[in-house]
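Residue numbers (the numbering used here), protein chains in the order written: chain A, 1 to 205; chain B, 1 to 205.
I should point out that these hints are in silico values taken from the structure, not numbers from a laboratory. You can trust all of the hints, since none of them are fake.
Keeping only pairs whose Cα atoms sit at most 20 Å apart, straight-line, the calculated PhoX-like set for lysine-lysine is:
#1 K74/B <-> K149/B
#2 K156/B <-> K189/A
#3 K85/A <-> K62/A
#4 K156/A <-> K111/A
#5 K84/A <-> K74/A
#6 K175/A <-> K175/B
#7 K192/B <-> K156/A
#8 K192/A <-> K156/B
#9 K110/B <-> K189/B
#10 K189/A <-> K110/B
#11 K156/A <-> K189/B
#12 K111/B <-> K156/B
#13 K189/B <-> K110/A
#14 K95/A <-> K85/A
#15 K92/B <-> K110/B
#16 K110/A <-> K85/A
#17 K61/A <-> K85/A
Number of protein chains: 2
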Amino acid sequence: MPEGMLIVLSGPSGAGKGTLCSQLLKRRPELVLSVSVTTRPPRPGEIDGVSYYFTDEARFKKMIDAGEFLEWAKVYNNYYGTPKKFVEEQLKQGKDVILEIDIQGARQVKKNCPNAVFIFILPPDIEELKKRIIKRGSENKESFDLRVKSAEEELKAMYDYDYAVVNDVVEEAVKKLESIILAERCRVKRNKELLQLVRKEGCQS
Amino acid sequence: MPEGMLIVLSGPSGAGKGTLCSQLLKRRPELVLSVSVTTRPPRPGEIDGVSYYFTDEARFKKMIDAGEFLEWAKVYNNYYGTPKKFVEEQLKQGKDVILEIDIQGARQVKKNCPNAVFIFILPPDIEELKKRIIKRGSENKESFDLRVKSAEEELKAMYDYDYAVVNDVVEEAVKKLESIILAERCRVKRNKELLQLVRKEGCQS
Numbered sequence: 001m002p003e004g005m006l007i008v009l010s011g012p013s014g015a016g017k018g019t020l021c022s023q024l025l026k027r028r029p030e031l032v033l034s035v036s037v038t039t040r041p042p043r044p045g046e047i048d049g050v051s052y053y054f055t056d057e058a059r060f061k062k063m064i065d066a067g068e069f070l071e072w073a074k075v076y077n078n079y080y081g082t083p084k085k086f087v088e089e090q091l092k093q094g095k096d097v098i099l100e101i102d103i104q105g106a107r108q109v110k111k112n113c114p115n116a117v118f119i120f121i122l123p124p125d126i127e128e129l130k131k132r133i134i135k136r137g138s139e140n141k142e143s144f145d146l147r148v149k150s151a152e153e154e155l156k157a158m159y160d161y162d163y164a165v166v167n168d169v170v171e172e173a174v175k176k177l178e179s180i181i182l183a184e185r186c187r188v189k190r191n192k193e194l195l196q197l198v199r200k201e202g203c204q205s
Numbered sequence: 001m002p003e004g005m006l007i008v009l010s011g012p013s014g015a016g017k018g019t020l021c022s023q024l025l026k027r028r029p030e031l032v033l034s035v036s037v038t039t040r041p042p043r044p045g046e047i048d049g050v051s052y053y054f055t056d057e058a059r060f061k062k063m064i065d066a067g068e069f070l071e072w073a074k075v076y077n078n079y080y081g082t083p084k085k086f087v088e089e090q091l092k093q094g095k096d097v098i099l100e101i102d103i104q105g106a107r108q109v110k111k112n113c114p115n116a117v118f119i120f121i122l123p124p125d126i127e128e129l130k131k132r133i134i135k136r137g138s139e140n141k142e143s144f145d146l147r148v149k150s151a152e153e154e155l156k157a158m159y160d161y162d163y164a165v166v167n168d169v170v171e172e173a174v175k176k177l178e179s180i181i182l183a184e185r186c187r188v189k190r191n192k193e194l195l196q197l198v199r200k201e202g203c204q205s
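My request is simple: use the sequences and hints to build the entire structure.
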């Protein structure tokens, strides 16, 4: 069975990648979402094991030491990480796996899994980004300023990505994500079986 | 205005790329088809200026000498070529242009326009390919054998393409082509304006 594809959705905090990700999963139920582990406290409505696996710092650090993360990052004094085992198992079963992670994490995935698809989610503009962060409302002033500055820095990371999707109209942005995934499945380099078929067929007659 | 994208649909003769191309153009009216010039006689139903610009060998050779082709090839004793001027004008106007050309021609485009998108159309299998060529019915035995042998050779060219689309179910294949085009429009490297915006925004605040 051909291996699945690892799809990294990343971008500045507050670009709306969470919304896009959940809409994408609704429209493409064959995709598997990797649930991250975090030490950040749950926000209202977040469910353990669905939104994140919530844990404490001591346990998180043990997981780091045991090499259990595909990537991990410390963002705004909280830890976030992707459990390696789950992702590898799903890929082996031929499933396409979505990672919705921050930019630090995406950089590590790029190093470890250069064949993954890297998609950068952009807010319509910086002003819009600030509004979204304000709306989220769970931050104090200091934490807010830190996030905005970091977001601006992070925009520059786009250069290292394969695709950029501006999250202006959610419906449109989700359609673009879908197209990117369908297109990547057609990449010659991802179709080893097709290549073998061609080699075989090409030598007949 | 950002420049349009050059999209090359190619593949072995008889893979059904003509059908896919016309279906794609129906679903994506913003795409512009480049009409080729050929010395091959019209088949029943083909219209000059729509299917091809039909011309004679002397005139075609003059066009070669004048450097009027983006690519040209001699296939089965007939010449085929893409007029350069039309394609360049459309791209400058920001239009995405489709070239439906044979593999020799695609090789030349790859040299001259490395940023084009290269899509290889595959027949479901070699047997199917043979059937399609037989159905076409305008060939004698010699010409038929030449085409089949050449098709098998040409399958190997797939390695140099970005995408491979198997033409088993037309509807599905067209959807894949659409997705590839939508996805390529999101490529970071194709979004210079976005990159400039990021650079500018990234330095503010």
